[in-house]
Amino acid sequence: MHEIGIANSILDAVRTEVARHPGGKPRKVAVRIGELAAVNGDALRFAFEILTGDTDLDCLELEIEICPRRQRCTCGIEFNVIAYELQCPQCGEQRTQCISGDQLELAYLEIEEHEMEEHEPSTA
Amino acid sequence: MNRVPLEKKILSDNDRVAAELRERFSECGTLCLNLISAPGSGKTLLLETTLASLPCTDRVAVLTGDIQTDNDAARLRRFGFPVKQITTGGTCHLDARMIERHLADWRLQDIGLLFIENVGNLVCPSSYDLGEAAKIVLLSVTEGEDKPLKYPSIFFKSELLVITKCDLLPYVPFDIAAAEENARRVHPEIEIVRVSCTSGGGFQEWLAWLEQRKRTHLATRAGELV
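These protein sequence lines map, in sequence, to chains A and B.
Note that this note's numbering gives residue 46 to position 44 of the first sequence, counting from 1, and the numbers run on in steps of one.
Note that this note's numbering gives residue 64 to position 44 of the second sequence, counting from 1, and the numbers run on in steps of one.
No lab work stands behind these hints, which were simulated from the structure alone.
Keep in mind the model is a prediction, meaning the values are calculated, not measured.
Hints may be right or wrong, so weigh each one.
[To be verified] Derived contacts from chain A toward chain B, CB cut-off under 7 Å, selection only:
1) M3
2) H4
3) S11
4) L13
5) L38
6) D60
7) E63
8) E80
9) I84
10) A85
11) Y86
12) L108
13) Y110
Note that beta-carbon positions come from the ideal geometry of N, C-alpha and C, so glycine has one too.
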């Protein structure tokens with residue numbers, strides 16, 4: 003249920019960024035959610051839709067990239083973890099180090115820039 | 021269409037306040053521990069038993085979070101240490117601003133050990149940094165031994181797992197070895213203690229962990245001051 007708070011924080015960041023682009027219309031915000039971040043993508047999407055509905059951001063799309071847990075082994079390889087298997091698939095080392103998977107990050111915002119209306123001088 | 025990179029944490033506002041708190045805890049020599057579990061796993065009883073075993077001269081304080089009521093603060097105040105209730109009014113977790121606000125009239129220099137008892141919830145509190153030195157997760161033997169696999173985030177982020185209500189092991193189908201193995205599958209380095217606040221079993225191991233953690237905290241701080 004904390005997805006409402008997460009969605010709110012995303013929208014705060016969007017509004018801050020939009021203020022730097024006068025006249026621009028935000029169209030899509032992209033976030034990265036790690037498998038270990040304890041955030042449910044469906045619940046986040048639901049909260050986001052509730053919070054943006056009937057507001058100035060109701061056309062804003064949310065893109066969620068779910069990021070797997072990644073481990074690094076001393077042998078040099080990095081690998082995605084499937085079903086909690088932390089053992090290195092290359093050398094068999096049991097003790098590998100977690101390098102990502104708990105991220106809760108804003109990636110980018112797509113803004114449709116305001117196009118200045120051009121008024122041709124009247125020749126009539 | 022203009023694509024603007026944002027590249028920052030979604031909870032950066034919370035993380036900034038948490039970083040400020042962590043710095044204050046470090047300056048004042050306060051070890052802050054964030055206790056997290058499902059409702060009813062025994063966080064309050066673990067704290068009650070802990071406070072009862074400590075001399076009143078120990079500089080311990082507790083912030084305890086719940087959605088409603090100040091029942092837990094009333095239970096914990098009986099031991100003579102400063103205790104404050106944080107009533108969230110519906111929010112399912114504590115955040116760094118709530119901690120900052122409730123610490124405002126306490127002198128951190130007078131607090132060597134600060135326990136934060138989070139709202140009973142195994143999911144949401146794991147996303148919010150409170151400036152703590154360590155998260156501690158509790159799992160009671162009346163829950164399932166597969167909880168670490170079902171709720172990996174909090175087990176991944178916790179330094180210590182306290183398995184509670186161990187006096188009930190003869191009466192419940194809880195495979196404690198499997199529970200520990202599951203926790204280590206998620207977080208191989210997690211430390212584990214088994215306790216029963218009713219029988220006192222394992223309690224000395226918990227107190228020893230606290231003592232050791234206080235020492236490493238102060239040593240880290242001394243290293244930073246050098």
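Against the structure, the hints:
1. M3: Where the cut-off is 7 Å and the nearest Cβ of chain B is about 5 Å from M3/A, the hint holds.
2. H4: holds (4 Å)
3. S11: Status holds, d = 5 Å.
4. L13: violated (10 Å)
5. L38: Cβ of L38/A sits 5 Å from chain B, so the hint holds.
6. D60: violated (18 Å)
7. E63: Not OK, violated: E63/A not within 7 Å of chain B, min 12 Å.
8. E80: Where the cut-off is 7 Å and the nearest Cβ of chain B is about 17 Å from E80/A, the hint is violated.
9. I84: violated (12 Å)
10. A85: Result: violated, 9 Å to nearest chain B Cβ.
11. Y86: OK, holds: Y86/A within 7 Å of chain B, min 4 Å.
12. L108: holds (4 Å)
13. Y110: OK, holds: Y110/A within 7 Å of chain B, min 5 Å.
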